[in-house]
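**Q** Residue numbers (this note's numbering), protein chains in the order written: chain A, 46 to 474; chain B, 992 to 1136.
A portion of the hints provided could be inaccurate.
[Claimed, not checked] Below, simulated EDC-like cross-link-like pairs (lysine to aspartate or glutamate); rule was C-alpha separation at most 20 angstroms, straight line:
hint : chain 1 : residue 1 : chain 2 : residue 2
1    : B       : Lys1089   : A       : Glu407
2    : A       : Lys441    : A       : Glu86
3    : A       : Lys374    : B       : Asp1008
[What the hints assert, rightly or not] If you only want the chain A side, here are some residues facing chain B, beta carbon under 7 angstroms, derived:
hint : residue
4    : Val260
5    : Glu321
6    : Pro323
7    : Leu325
8    : Phe378
9    : Trp381
10   : Gln385
[To be verified] Computed Cβ-Cβ distance ranges for the label pairs, DEER-style:
hint : chain 1 : residue 1 : chain 2 : residue 2 : range
11   : A       : Leu209    : B       : Asn1134   : 50 to 60 angstroms
12   : B       : Asp1088   : A       : Trp467    : 18 to 28 angstroms
13   : B       : Gly1021   : A       : Asp315    : 27 to 37 angstroms
The hints are simulated quantities; they were obtained by calculation from the structure and are not laboratory data.
Note that the coordinates shown come from a computational prediction; the quantities given were computed from them, not determined experimentally.
Backbone N, C-alpha and C fix where the C-beta goes; we use that ideal spot for every residue, glycine too.
One letter stands for each residue in the lines below.
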Amino acid sequence: MLNTAGLSLDQAPPIGVPFAFFLTAPLFAVAAGGLLLWQGELILISRWTPPALVVTHLIALGFLTQIMCGALLQMLPVLAGSPVPRVVLVGRATQVLLILGTLSLSAGLLWGGAAWLTLGGGSLMAGLMIFATATGIALTRARGVRRTVVAMRLALVALLVTLLLGVLLVVVLLGGWRLSGFVDWVNLHLAWGLLGWTGMLIMGVGYQVVPMFHVTPAYPDWLMRWAAPLVAVALTVASALMATGQGAAATGWMGLGALCFVVFAGVSLDRQRRRERPRLDATLLYWRSAMISALLAAALWLAGGRAELVGVLVLIGVGIGLPSGMLFKIVPFLSWFHLQHRQVATRRFDVRVPHMHTFIPEAPARIQFGVYLVALLALVAAAALPAFDVAPGVGKSLARLGGFALVLSSGFLWFLLARSFWRFRGFGL
Amino acid sequence: MITAITDSFTQDHHRCDHLLAATEASVGSGDWSAIDAAATALVDAMNRHFALEEDVVFPALARVFRVAENPIEIMCSEHAQMRQLFEELGESVAMCDKTAVLGLLETLHFLVQQHNYKEEGVLYPMADGALPEQAAEMAALLNQV
Ligand code: HEM
Ligand SMILES: [Fe+2]
Ligand SMILES: [Fe+2]
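Sequences and hints are given; from them, build the entire structure.
**A** This is the structure we're talking about:
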């Protein structure tokens, strides 16, 4: 049976659904930057300080997961030929609960209130379960490109495992359960969240968009076939070892998962170097900085480097960078495409739909990347400093500078996205 | 399984991708006669591709396979959108407006990619399946200059 679903725009969700996710996410990055500006030196001294845990989740859930959810709802009908059931309802419910959950969890981690932690864990559980159920249904029906669909399915399972482990950690923090080797369990949780949910989704989406965006050679088939499933196997074995009290062996298997992503990152950089579209646009700059950050993070982690530095590279280098770069393409295209569709539907051929760069011009997008890069470099330097013997004042100033630049760049990202949406809305069609 | 139409038309898509990339590369040079030549080559190649689809492949497919009518209609309306962009591209090249040329090429590129994705994934395999005797012949049409 040939699959004709996803051919028409009627299958795609109303533009307001993904845009609500995309427009809210940068505000969480602004908040993370604000916290770094305020308490940066404390955050970068230890991953276990309360504000560090909050910054982590503001980025991982408020920014990254929010954008990934919005993008999946938008992309599934097109990439996998399978619309998400009740997409408006699912989108709104997911988003409200994700926002509520992220804010409450942050409050709970920062001030230690049991009520906040409970509300946070509960809302995240509800919101992400709704999301995973609806997209899970769409993905079981999906008949698109197999490698991408497989990676997306695995990523969704990883989201559920991350969620369950996160809730388990909350229960432990609330004193409801005693768990030996708490740190190992946190590490397992973050491995499923970062390598699993984020990493495998980046792979699945990358197989499609890297060749498409910049006209590069396709990814090699062996990579597309093995990378995501191997990550899933590595994480599963690591979890089993952890559950049976073999924390050290588990870490080794996580390393295997990280190596799979290293290969993916290296191949991605190579594909993009061999691209045919010559322009160095903001999306490409973001892909490069993100893949380089991922490579550095993996090398550092394998060499036993500072966890805080690895965290900055993964969360800010990849977690903020890559989605930002993708939004610079997705948002203008969606704006243009929906306007175009409306023009056809209303037969208003007297008006001319403005091209994509009218929605987000190239120059401000590059400037936004520049400000972001200042934030990334300053925070990387600040997180690396404690390993060296320098005056404490230097680290503090760098952390503040990084936080300030992150507030600016995320605010600027929000402005560019919002302006694109206003232009879309303001267009007389 | 016959894949003649899928293979040859997909290859022609890639040929058009290369021409679009070449047009973008030429914009960097600032030589407007070279830009004009590159844009014309791109538009000609794409128009020829659309003509083969609209005049040969799609009508034959619609005759034997009624369910294809709806997707074909969508493909043709996207061709119309792309032709609209060709026209605007021509005007911007004539006015030596670099910003508009780059913005239009970017828009065209994205529209083309999602259009081709659907043809390569759905329409062409459908045509190969429904028109096994004519597939090779249709594929050969692409190679006639
Ligand atoms: C889905 C609901 C989630 C909940 C309820 C949750 C909860 C938690 C909790 C309670 C901790 C440990 C806090 C402590 O040790 O005091 C933690 C750590 C962590 N979580 Fe989550 N989390 C969730 C989702 C995620 C996601 C999706 C990601 C990544 C994409 C993530 C990344 C991390 C990281 C990296 C840490 C370690 C932070 C550090 O060691 O500095 N979490 N999480
Ligand atoms: Fe076509
Ligand atoms: Fe085509």
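**Q** Could you work out which earlier hints the structure fails to respect and list their numbers in ascending sequence?
**A** 7
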